[in-house]
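Asker: Given next are the chains, with one letter for each unit.
2 protein chains.
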Amino acid sequence: MPDNNEDSTSDPSECIVGTSRRGFLTRTVALGSAAIGGGPISATADVAVPANPRLYTYVGGKGGGWSVESTKTIVGEPLPVVERISIVHGAVDGMPDGGKWILRGVTSNERYANREEKKHISIQKALGRPEADHGAFIPIKKNAAWWALTQDERRAIFEERSKHITIGFKYMPTIARRLQHCRDLSENEPFDFLTVFDYTKADMSAFDDMLAELRASEEWKYVDREVDLRLVRIGA
Amino acid sequence: MPDNNEDSTSDPSECIVGTSRRGFLTRTVALGSAAIGGGPISATADVAVPANPRLYTYVGGKGGGWSVESTKTIVGEPLPVVERISIVHGAVDGMPDGGKWILRGVTSNERYANREEKKHISIQKALGRPEADHGAFIPIKKNAAWWALTQDERRAIFEERSKHITIGFKYMPTIARRLQHCRDLSENEPFDFLTVFDYTKADMSAFDDMLAELRASEEWKYVDREVDLRLVRIGA
Numbered sequence: 001m002p003d004n005n006e007d008s009t010s011d012p013s014e015c016i017v018g019t020s021r022r023g024f025l026t027r028t029v030a031l032g033s034a035a036i037g038g039g040p041i042s043a044t045a046d047v048a049v050p051a052n053p054r055l056y057t058y059v060g061g062k063g064g065g066w067s068v069e070s071t072k073t074i075v076g077e078p079l080p081v082v083e084r085i086s087i088v089h090g091a092v093d094g095m096p097d098g099g100k101w102i103l104r105g106v107t108s109n110e111r112y113a114n115r116e117e118k119k120h121i122s123i124q125k126a127l128g129r130p131e132a133d134h135g136a137f138i139p140i141k142k143n144a145a146w147w148a149l150t151q152d153e154r155r156a157i158f159e160e161r162s163k164h165i166t167i168g169f170k171y172m173p174t175i176a177r178r179l180q181h182c183r184d185l186s187e188n189e190p191f192d193f194l195t196v197f198d199y200t201k202a203d204m205s206a207f208d209d210m211l212a213e214l215r216a217s218e219e220w221k222y223v224d225r226e227v228d229l230r231l232v233r234i235g236a
Numbered sequence: 001m002p003d004n005n006e007d008s009t010s011d012p013s014e015c016i017v018g019t020s021r022r023g024f025l026t027r028t029v030a031l032g033s034a035a036i037g038g039g040p041i042s043a044t045a046d047v048a049v050p051a052n053p054r055l056y057t058y059v060g061g062k063g064g065g066w067s068v069e070s071t072k073t074i075v076g077e078p079l080p081v082v083e084r085i086s087i088v089h090g091a092v093d094g095m096p097d098g099g100k101w102i103l104r105g106v107t108s109n110e111r112y113a114n115r116e117e118k119k120h121i122s123i124q125k126a127l128g129r130p131e132a133d134h135g136a137f138i139p140i141k142k143n144a145a146w147w148a149l150t151q152d153e154r155r156a157i158f159e160e161r162s163k164h165i166t167i168g169f170k171y172m173p174t175i176a177r178r179l180q181h182c183r184d185l186s187e188n189e190p191f192d193f194l195t196v197f198d199y200t201k202a203d204m205s206a207f208d209d210m211l212a213e214l215r216a217s218e219e220w221k222y223v224d225r226e227v228d229l230r231l232v233r234i235g236a
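As you go down the protein sequences, you meet chains A and B in turn.
Numbering-wise, our numbering puts 134 at position 134 of the first sequence, and it's gapless, one number per residue.
Numbering-wise, our numbering puts 30 at position 30 of the second sequence, and it's gapless, one number per residue.
Don't take every hint at face value.
Copies of the same chain are indistinguishable here, so a pair counts whether it falls within one copy or spans any two.
To be verified - Quick list of in silico lysine-lysine cross-link-like pairs, DSBU-like style, CA-CA up to 30 Å:
id : residue 1 : residue 2
1  : Lys118    : Lys100
2  : Lys119    : Lys72
3  : Lys221    : Lys100
4  : Lys170    : Lys100
5  : Lys118    : Lys163
FYI, nobody ran anything at the bench for these hints, they're computed from the structure.
If we strip away everything but chain A, and leave its shape as in the complex, we get (with noise of 0.2 Å):
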């Protein structure tokens, strides 16, 4: 579980939540940044401008592709109990029907990863492989002391004395995961990251795992909210 992503490919079990897809675009140059590009902008201009392609949205509700199959509160506030999950690439525009919450995230640069870890990263799969049938949902807030130190003394936490990078690497490639950013998105967010990991019902325990021994690192101290969400597909 390597603090590292790559805009790797789109989940085929993806599916589109909202059905005015065109209403956000408009939305987003009447809120926004219509300078994409430099040109000229008219303040009324009605052009479609793409939302950030590395934007994912997560609908908890009663539609979606993953079956909520247990919500555990690791620690903070928990997040009302949903039956279904939705995994949008893009935005949605309003909750639908029977939706309790929407978070949202983007995939971004590495933060901590060098080049020597990168390497191994480069072995890890991307979240869609057809038998990776069960997964989970796991959104995560750290505290404000983890956010006034300074980038080295994140860094040497999460690698150095937590091993988030190599304990990662001990489950990769059988573990396929995306890290999404909330912090610095344009609104205030309930969590600083979204994690979401798809895999066979055979390695699950060996997520367990995984989890478990990340959960005792010092990192973790600086975790104030935490919830995991287990999910089945639709289907399996």
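Take the given structure of chain A and dock chain B to it, following the hints.
Answerer: Positioned in the frame of chain A, the structure of chain B alone reads:
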């Protein structure tokens, strides 16, 4: 100009553009993360969710507290020339009359400074000193090669080889600045960073010296879009 920023103070020169603050807040709920605090969430809730308190919006147009004295494209696509800039702490609900562009970013945790360097940074002044009636707004985008580097590689270029933090120290505290990050906002943004500075007229040449040093550095080889707008406070 170290790549560091605290959520220091609000800028007294800020003015609020856009009339429908409530409109924004309501839309925020409709758009996304209603799960603030983790309580139960209604799909139809129409409650005021705070926007990210680290969000700043820059509106180029005919209004606002700063007159644009010059607009120079350093590299890449230009920005449409405007008469004035509004600096808004928070979001802006749509393009105001006469507006040509809106750029947004969030202040965030430090990405490069170590503890020793951070001690120095505490001498940095916040924006908004009454005598600092000159300023600059410089949005910057770095290229894909930069973002493909690992953290240690970026740090080595940023400070060990380009002396970004060290150069910045020399000009503190006469030049105040605030750095906002755009790359991980929800929408695709035309710049990665927005930097804003204020200083007295007497310190303008020092500011130019600082920029010349930075732009000559290895780090700046990775900058593929930069526009330099010079500002004077209205009424100065």
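Asker: Determine for every hint whether it applies to the structure shown.
Answerer: A quick look at each hint next to the structure:
no., hint, in the structure
1, Lys118 - Lys100, "neither (37 Å within a copy, 41 Å between copies)"
2, Lys119 - Lys72, "neither (34 Å within a copy, 40 Å between copies)"
3, Lys221 - Lys100, "within (29 Å within a copy, 46 Å between copies)"
4, Lys170 - Lys100, "neither (35 Å within a copy, 52 Å between copies)"
5, Lys118 - Lys163, "both (14 Å within a copy, 25 Å between copies)"
In terms of the numbered hints stated before, the structure departs from hints 1, 2 and 4, listed from lowest to highest.
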